[in-house]
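Peer 1: Given only the sequences and the hints, what does the whole structure look like? Please build it.
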Amino acid sequence: CAGFAASGATAALISLWLVGFHGAREYADTLQGMSLHLNSRADMLHYGAVPTSMFNLRGLATALLGGTLSRYSILLVIFASSVAVLVVAARQRPSLQLAIMASSLVSYHFLCHDASILIIPLAAALCSQSLWRGAVAALLLVVSLAAVIPQYGYLGAIPLLALFVLSVGSAHEETKACQIPAY
Numbered sequence: 001c002a003g004f005a006a007s008g009a010t011a012a013l014i015s016l017w018l019v020g021f022h023g024a025r026e027y028a029d030t031l032q033g034m035s036l037h038l039n040s041r042a043d044m045l046h047y048g049a050v051p052t053s054m055f056n057l058r059g060l061a062t063a064l065l066g067g068t069l070s071r072y073s074i075l076l077v078i079f080a081s082s083v084a085v086l087v088v089a090a091r092q093r094p095s096l097q098l099a100i101m102a103s104s105l106v107s108y109h110f111l112c113h114d115a116s117i118l119i120i121p122l123a124a125a126l127c128s129q130s131l132w133r134g135a136v137a138a139l140l141l142v143v144s145l146a147a148v149i150p151q152y153g154y155l156g157a158i159p160l161l162a163l164f165v166l167s168v169g170s171a172h173e174e175t176k177a178c179q180i181p182a183y
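Using my numbering, read the sequence shown as starting at 1 and increasing by one per residue.
In short, the hints are calculated from the structure, not lab data.
Cβ coordinates follow ideal geometry from the N, Cα and C atoms, glycine included.
Be aware that one or more of the hints could be misleading.
Label-pair restraints from in silico Cβ distances [claimed, not checked]:
{"no.": "1", "residue 1": "113", "residue 2": "21", "range": "29 to 35 Å"}
{"no.": "2", "residue 1": "93", "residue 2": "20", "range": "21 to 27 Å"}
{"no.": "3", "residue 1": "6", "residue 2": "142", "range": "43 to 49 Å"}
{"no.": "4", "residue 1": "80", "residue 2": "142", "range": "28 to 34 Å"}
Peer 2: In C-alpha cells:
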C-alpha cells in the first residue's frame, strides 16, 4: 500500500507539474461532464460515452430505468448494485475469472472494445463441467454482437451478470476444469 501510495502521489505530482492547475481543472471538468452532465445524445456522442452501449451495470440500469427515473436516481441504483456485486465477489474464494466479471460489471465505462478481457472467464466457463455456465458463456458471445448497434450494447450485461451469478461459489471448479491432463 505504501509503494502504491508513493508511486501514485509521484505520478499525480508529475502530471500536475506538466499540465498545471488549469489543465488539472479542465481534466476534472471533462470527467464530470462525461459522468454527470450527459444531458443529450449530442453530449454522449461528444464524449463517446453512451451509457446504453456499455456492457455493465451502468448500461443495464440506464437502459431499463432511463425513461422512468432521474439521472441521480439511476446513479444511486448503479452504486447500490455495484456495491452488491463487489460484496458478493469479496465473500468468494479468490478467483481471477470472478474478479474480471465483477470488475467488468461495476466498471463505470465498459465499452465493447474493453470486453476482450472477458475471454478469460468465457474460456473458463466453456470448459467447465457446468452445462449452464457453458450455455450462458456461449450466449454472452452471441449477445456481444449487439455492440455493433451501440444503443443495444447493454444487452451484453445480462448474460455477464448471469455468468457472474452462476460462477459465485464455484471458483474452485474453474481452476480444476481447465487443466490439461498429463500424458
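Peer 1: Confirm or reject each hint.
Peer 2: Quick rundown of the hints versus the structure:
1. The beta-carbon spacing between residue 113 and residue 21, approximately 32 Å, falls within the hinted interval of 29 to 35 Å.
2. At roughly 47 Å, the beta-carbon separation of residue 93 and residue 20 lies outside the given 21 to 27 Å, and the hint is violated.
3. Evaluation of the 43 to 49 Å hint for residue 6 and residue 142 yields a pass: the beta carbon distance comes to about 46 Å.
4. Here the CB-CB span from residue 80 to residue 142 is close to 29 Å, well matched to the stated 28 to 34 Å.
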